[in-house]
Structure formats: structure tokens, C-alpha cells
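Student: One letter stands for each residue in the lines below.
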Amino acid sequence: METTLQNVFDLAVTVNGTRYEQAVEPRILLSDFLRHDLGLTGTHVGCEHGVCGACTVLLDGEPVRSCLMFAVQAHGREVTTVEGLGTIDHLHPIQEAFQEAHGLQCGFCTPGILTTVKVFLEQNPNPSEEEIREALSGNLCRCTGYQHIVDAVQLAAEKMRK
Amino acid sequence: MKLEGEYTFDGTREDVWKMVRDPQVLATCVPGTQNLRMTGENEYEGEIQVRIGPIAGTFSGRLLVANEVPPVSCTLTVEGTGKVGFLKGRGDVALSEQGASQTLMKYTGEVQIGGKVASVGQRLFDTVSKSMIKQGLDKLNEILKTSLA
Amino acid sequence: MIKKFIGKRVMRNEDPRLLTGQAQFVDDVEIPGMLHAAFLRSDYAHARLLSIDVSAARQHPGVVAVFTAEDMGDDWFPGPPLVSPPPTAKDVTFHSRRQVPLVKDKVRHAGEAIAVVIAESRYIAEDAVEDILVEFEPLEAVVDLEKALEVNSVLVHDDLESNLAAQMFQQKGDYEAARQQADLVIQRRIVIERGAAAAMENRGIVAHWDAKSQHLTIWDTTQAPIPIRNGTAARLGLSEHQVRVIAPFIGGGFGPKIMMFYAEELVIPWAAKKLNRPVKWIEDRRENFYATTQERGQVHDVEIALSRDGHILGLKDNFLHDTGAYDPYGLTIPLNTQSHDMGGYDIKNYSSEFKVVFTNKTIVTPVRGAGRPQGIFVIERMMDAAAKELGMDAVEIRKRNLIPPEAFPYEHKIIDQAFAPLIFDSGNYKAVVDKALDMIGYDKFVKEEQPHLRVDGKYVGIAIAPFVETTGVGPYEGARVTVEASGKINVATGIGTQGQGHFTSFAQIVAEQLGVEVNDVRIVTGDTTEFHWGTGTFASRGAVVAGNAVHAASSIVRKKILKLASKVLEAPEDELELEDGQVRVADIPQKSVSLGELAVLANPLRGAVEPGTEPGLESTAYFGPQYGATAFGTHAMILEVDPETMMIKIRRYVTVEDCGTVLNPLILEGQIHGGVSMGLGNAYYEKLHFDENGQLLNASFADYLVVSATEMPRIEVGHLETRSTLNELGAKGVGEAGAIPVPALFAQALENAFHDRKLEILEMPLSPNRLFELLNEEKSR
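Protein chains in written order, with the working numbering: chain A, 1 to 162; chain B, 163 to 311; chain C, 312 to 1092.
Honestly, the hints are just simulated from the structure, not real lab data. Keep in mind that the hints are not guaranteed to be accurate.
Just a few of them, taken from the derived set where beta-carbon distance is under 8 Å, the chain C residues facing chain B [claimed, not checked]:
| hint | residue |
| --- | --- |
| 1 | Asp354 |
| 2 | Leu1007 |
| 3 | Asn1080 |
| 4 | Phe1083 |
| 5 | Asn1087 |
The beta-carbon is built from N, C-alpha and C at its ideal position, and this holds for glycine as well.
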């Protein structure tokens, strides 16, 4: 193969508690790095222009669009993806609530919604329906019409307050 | 998309005409022009760098001047293609004397765009093209005023 | 019998994987040595291809191959026709022109694929696409439907005489005679424009040719894995058993993913085999706006004839249907429009001719609703026009014309999209309308609340729209149900799933029959090695057609279980019950045997098996309906418009659905909510803007507005159940229902809100801008 890695950058980043050190090209998007270099395919890419929100991950605890960032911008920082929330056997209360309230259908937009909601509920543990809809307005979902997602967030808030 | 407008230059019609027909002057005035070469009596070739919202790219193309009635009017035809799409335009330019030392330029034209510039940049194309025209004409007027000063 | 699982709000089996990022979507497939593809697509909507120079792209470091139509040689041929014209109908014109893998001579829509670059990474492939030089001769684009049919129009397909792709006439009774009898005849022109399906997951395909085993594996975002396998095998000269197509988790379908074969589906498997390397192609969002199919564009000239008391005597609807650059989907959509033109009303005389038109736009195939929203929009707009002309109440005129319960099965004497006679099998339409009126408090709102709100200067409108949905069409689906030695149940079916909850609703059907827990039933869909036969997930048919196949197969397995258990437990079959994974003698619960033990006994390793018996507790069964089951529903809304900004607020939204037996109310509600959100997009937010040159001007989510959480109202869902007579479960489909009546409902509510302004809406989708224009046109008239 003739491809030469030009200007590779030695990236050090912590993802879901694990530290990774890897050489990456500066132009590699954070979403591609997470999905294809680290194999964390739970983060989904829906629009590549920062509108749909499916690729939302947490960077030092704040939600960011991983399709609008280069991997190198995460250097020295901490990333949380959907894989960092809960596991199949031990779902995070938000994940439990989404299952109970049927807050997902195809599940493609779900990882971005879960990461968004996690931060939202940390900042606002007892939100109104209107506040929830506002918080979700940056995440597009084509399947659910959002109602069961709103219900799931309310249920998750209840679970987390306990 | 239709383009229409007018602009008042601080110079005589002959001065304005001479300037507009000088590729070197044009090249410095059209924002983003990297190169403009005369390839025939009324034909120019060149490259122009354009940024429309999220889309940026270079178009290379041709500029034709036709229906020339010096120093009154002419028709400009532009065709450009690049990695972000294509554009085709046609415009009629007319100059009329405005008192002793001013010239009014009226232009009407139509632009067709395709590819990324159309599908993603459309919303901003109108604003961007108007601002490019304004910038270009302002610059022309600057040069005109300097040369007459 | 009281149902234990069917009809219950069972949580979904598939969710934990989806919620933790462990569900595999096509773009998640990684294979060592995999290459990545990017397509060069046309910037022009209509242009002759003069030359392509790929030499620089081939030189680009990291590029493995660049293919054009020419490079495909004898392997270049158009996709297969999907839906042929109805064999039984008379006077049908149909010119089949199918999409091509890569453009050879002429580009017919912007975004059509011209060449493919295959490289070590997608980044490199996309860079190299920009190195390809193409010389075009731009041609005038065919965009407008009516102009396209003018004699001197430029042709999309040069070998045809005109841009007419198809033409068909259907009638019932005698419209002209009915018109003579009418007290009132109303004519309108109704224009409906295109929208996008906009599934959150773009399309994608991974193809892996294993030269040693001579097997081709394809992961594809398709709603129809089995036809993709069959077609790919045929194209590549392979046996169907050498090709495995997997439709893993799919991030939403909504119709376009049933389209086959897309150019990329024709090219990528071919390239993988040729290069002997796995190849992945993942569509980006801009490509999705151009290269993924779209729907809705139609122009209707409608005429309705009524008596003075508001009875419909006849309906005539001649319309044009935009099929885009090719017509692989035949007449499906316009036939669906005809099937819904009469709504749920008893209309004895109907006449309709449609013309399908080629244009230089993206190919049209069904998008959730598939011609139905257009039909309902047409009839409901005419009902509102008639009510106003006759000075009748909008509800009263509708009720007066609904098909009465005793008229079922109600035969329309035209054919539907599956070429079967259009027959509405069962229903109680008036009860559904009444329930919707009751839920929204129609009378109280109109008499008591609305007058006050109007006095306060509020523009508040109410609306009610009944609709039918033909669902669950043939030809067939199948399923195989197996009791495994663990006592768990494995079910395989050929359809694909895109979020509809099949892993759960099918499991409920099985659990009901076999007395196991829902999460002890493992459902496999969308993998052709698991099940060989089937067509796909479309036309709201998954739960009806595949669901009934699952039901049939599990009923047979139940019989096998009872027969064997009867021997083992030495008790007659009718004294046995299946519960908690056990077969028990009804009155002696300690006398029992587990399904797992029975599965082992049914598949002995030694000894003799009785002649004529099959091993195992397994059955494969198929279900093919005689004709489609027709569901009915009614939506109602109360809407408030800000007369300055034209922004809307939906105060109440009520739906009542009668989709026969409800398998899982939780999933059903989800389907309806989602449908309504798409319908609301079709009504007020989502319009694909093509300019006069065929350029799509809003190909991003920044410009094309998909409804978000803040625009969506809370939806109140009511149910009535009239079992379908066409299948054992009594089910009718509901997947598209939510989307169908929304634009019609929305238009009615707007007119009601601006009751003092003589607003008439004859187009969809609207937008705040467009509504503002319409109100100003009305002012200046």
C-alpha cells in the first residue's frame, strides 16, 4: 500500500475510562476515530453536518457532536460514549427507562439521545415536559414522534431521583 | 436565480467602460479571482475561489463579452465548473451618464448553479452573490477614483 | 380464551442491545482488508456524458480501483423491474425504464452515479473522486409534470416518444351519469410535492467475496434481503445458495430501503468479487437526498358530484404522478392513490385516469404512505369544499357518506397496488369517527370554547379526518418455528426489520401458542441463510403477513408438542396445557414435561422413528392473503396559528385506529406517533425544493426540516378492534397509518382557524411562508 500517514499526531485520549494512545491523521473525525479505530460503533453518524445529533458524545462531561470534531481535538480529554453508560446486563437507569417507555424504535438516533439526556438530567433532575422537549430539540428521531422519548426521560428522571 | 441591481460610479462613462474591459483591473476587483487571462478578443479564462456557507472551492471557467456597444452596454456570459459544482450565468450591463462626472451601471441577469453549491449553499447563494457584486463594484469604484485623482 | 401475551404492552426484546451500542448496523461491519467506496455523482440533472478521465484518480495514493460503466463491460446492465404492470387490467401503457449501475451515455438526475472509486479508506476514496474529470453536454432538464408531457418537451429517455412512463384508467359505476344527477359539482386542482423519507441511518452496503469458499456475503440496509440475494445471485452468475444477504439492525426504512436494486447494490457486490476484497460503501446525508428514492409528487384534477343533502354521487380524479428518472416500481404508488381516493366513503361512481411522468429528478418509489396520503388529501379537501358549498357541518357530511358496518366486505370494483380487487374486508367506521369526536370533545369545543377564543383574537381551528389504509398485501411471507433442546424457541422469517419491534411482536405470537415467556423466543429476521423465502417489509404488511405465518407455524408446532406430550404423559391431548415452558396435565400439575425434554425426545439419536413423522418440534408455514386487509382510522386536531409569524401550536391531537387485533399496544402507539410526525412534516415543514434545472436546493438537515421534539404535540391514541376476516390473527397493518391523514387534517384545521378569511388549501406541503402567501393572495383577490 502506498498510502503514507502524513503529519500523524500522537493522540492520547480516555474513552469510557480506558486510556488510548494512538497515532491518527489530523483530519480524522472524532466519530470515525471512535467507531472505526476504537470499534465503539454505538456512536452513530446520521448527517455529518451536526444537525441530527445521533453522534453526540460527552467530552469532559459536555455533549458534543463527534461528527463536527477532529479526533485530535479530544487530545488529553475524556470522552464518554453510549458504551460507557450501562451494559446489557446492567442497564443505566436512563437505558432502563427507554426500554420501559418504548423510547426507541430503530435505535439509530438513540445513543446520541441517551448521552444528551444524561447531561440534561444531571443539570435538571426534575424537568417539565416542555424542558425535556427543548433539551431533545437538537436530536432528530424519525421513528418515535418523540412522545415515548419524552416519557422515557420523565421516567428516567424519576428513577434517578430515587 | 435572478440578479438585478444598479451602482453609481464616480467617473465618466468612458472611464468606467475602459476599466471594466481591462482584465487586469477586473481580476483585482472580483473577490476571490486568482487569475484572469485574455484568450481572445472578447474571451477570458480564469479561476475564482468562492465560499458559500459551508461550501468552499475553486471554479475555473470562461467569461465571454458579447453584444458590445462601447461605452454603453454589453452582455456577459460566465461558465464555471469546479469540485463543488458548476455555475452558469448571463447578464446584461448598461451604463448611462449621470451628470458630468458620474455613471450609473444597471445590470440584470440570471445565474444557474448545480452540485454542492446548489444543494447545500443555495440558502446563502443569494446573499453571497449580492455581497460579492457589491464588494467588486466598490473596489472598482475605488480604483476608478484613484486613477482619476 | 384470555390472551396472555397478544395485546399486552410487552417491553421489547431487542432494546438492551440497541440501548448499549451493541446492535450491529451495516456501517458497524468491519472485515480485515476491507476497502471503501465513494461515488462520483452528476452535478447536472440532465446531461450527455461526453468523456470521463479517471487516470488521475487511479494514480491517487491509496486508490485500489476506479470503475466506470465501460469498465463493467458485459456486467453492466440495468436493475431488474420490480413491479410489472397489472396483467389483468386493460388499456395500460407502461414503459419500463430501469436505473443503471453507472451512467453510460446520459445523466438523468442530479446525483446519479457515474463512477466509483475504491480505496484503502473512505477519506482517500472521497479525495480521489475529485480527481475524476468528466465532460458533460448539459441538456435542458425536465422538471415540471405538465410541461414534461407537452409535445415539444425534451425527453428523459430518448428512445420514447414522450415522457409518459405509464397510463391507466379505472372506473366504477358510471361517473358521467352520476354527474348528470348531481345538485352540485365541484372541481379543483390539487398539487402535492415531494418529501424525503429521511431515515436517520443513510443507506449502506458491505460485500465480502470469499474466493476459497466461493461465497458472497452482503450486509445491506434493505427492507427486502431475500429479493436482493436472488437478484444478486442472478446478476453475478452464482447460485442463490452462494449468496448470503444480511439486513442487520436497520436505522429506519420508511419505504426507500425496499427499493431494489439501487445503483450501489448493483456495483458494490460486483466490485468486491472482481477485486477479491471486501468493499464497504456508506451513503452520506447529501447523497441520501439525491440518490435515495423520494415520493409524493402528483397533480390532481378532481371533480366531485353531490346531492343537495351532501351525499356523494360520484368522484372523478385524473392525475399526473412524478416517477423521476426511472420507473422501477411500476404503478404501485398511483394505484395506491386510486385505492384511497374514495377514502372510507360509500362512493358508487368513480372514474380515474393517471399518467406517470418521467422527469429529471431522483427516482420515486414508495415512502411511508405510498400514494395513500395523496388520495386521502384529495378526497378530504373535496369533502371540505363540498361542506362549505352546501353550508353543511364538516363532520356531518363525512358521517353521511361513511361505508356502513353492514356493507362489509365492501367491494370497490377497481384493483389495488397488488392487482387484487380492492375490497375493504371489515370495519365499523362510524364508531371510530365518533370515538375520535368524543376524545377531542368536538361539539364542546366548537360550541363553547372556539367562540370565546375567537373573540380573544385567537386563530384556533379544529379538524377531523377519517381515512382508510390498505395493508397487509400479498404475495406471501413464511416462518420457521423450532423448539430447541434448551426449551427456547427459535423463529426465522425472511422479512427485514427496521425498528417495528418484530423481535417482540412475533415473539408474543409464538409465546401465546407455546406457553413460553416472550424473551425465550429468539426471532431472526433479515438473514437469508436463516430463511430462504419471502418478499420484504413494505405496505404495512410485516405484522399481518409475516405475523400470520409465524402464527401458522407455531400452531403446527403446538400440535406436534401436544401429540408427543400426550404419549409421554399418557394423557389425552385435550387435557394438556402449555405453560411456563412445560406441558402439564391440566388437573395434575406435577405431571409435566418441559418443552426442552420434548424437543430432545422428538429428535432421538438412536432407535426407530415412526414412518411418516418428521424429526424435531419444528414447522415452516407460509401465509398469503387473498387480498389486503384494510384498516381504518380517524385523526382529530385543535390547532392555533400565530397570524403574524404563521407558527403553529397543536393544542390537541387525537388518533383512533382500528387495525384489527392489536399485538402490542406499546409498539402500535409508537408506530402511530412516528407516522404522525412524518405526516406533520409532509403537511408543514418538509418539502424538497427542486429548481427549474432539476437541482435540489435543500439537501441537508439544515435546510430540509425534519420535525423535532418541540414541534410535536402529545398524541392521544384510542383503539377500536374490528378483526380482519382475512387472517387468523385478525390483524390489519398500521405502519403507515399515522402519516396518511395528517396533511388533510392540517389543511382542514388551518381553514377552520382562518374561517373568516376564505382560505382554501389545495397543496401540500405548506410552510409558514407559503401560508402567509396564501393568506395575502386571498386578501388581494
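Student: Does each hint fit the structure? Answer for all of them.
Tutor: Against the structure, the hints come out as follows:
1. Hint on C/Asp354 holds. Least Cβ distance to chain B is approximately 3 Å, under the 8 Å limit.
2. With 8 Å as the threshold, the beta carbon of C/Leu1007 comes within range of chain B, its nearest partner Cβ sitting at about 5 Å, so the hint holds.
3. Here the hint on C/Asn1080 is broken, as its CB sits about 13 Å from the closest CB of chain B, past 8 Å.
4. The beta carbon of C/Phe1083 comes no nearer than 18 Å to any beta carbon in chain B, farther than 8 Å, and the hint placing it at the interface is violated.
5. For the restraint placing C/Asn1087 at the interface with chain B, the shortest Cβ-Cβ distance is roughly 21 Å, beyond the 8 Å limit, so the hint is violated.
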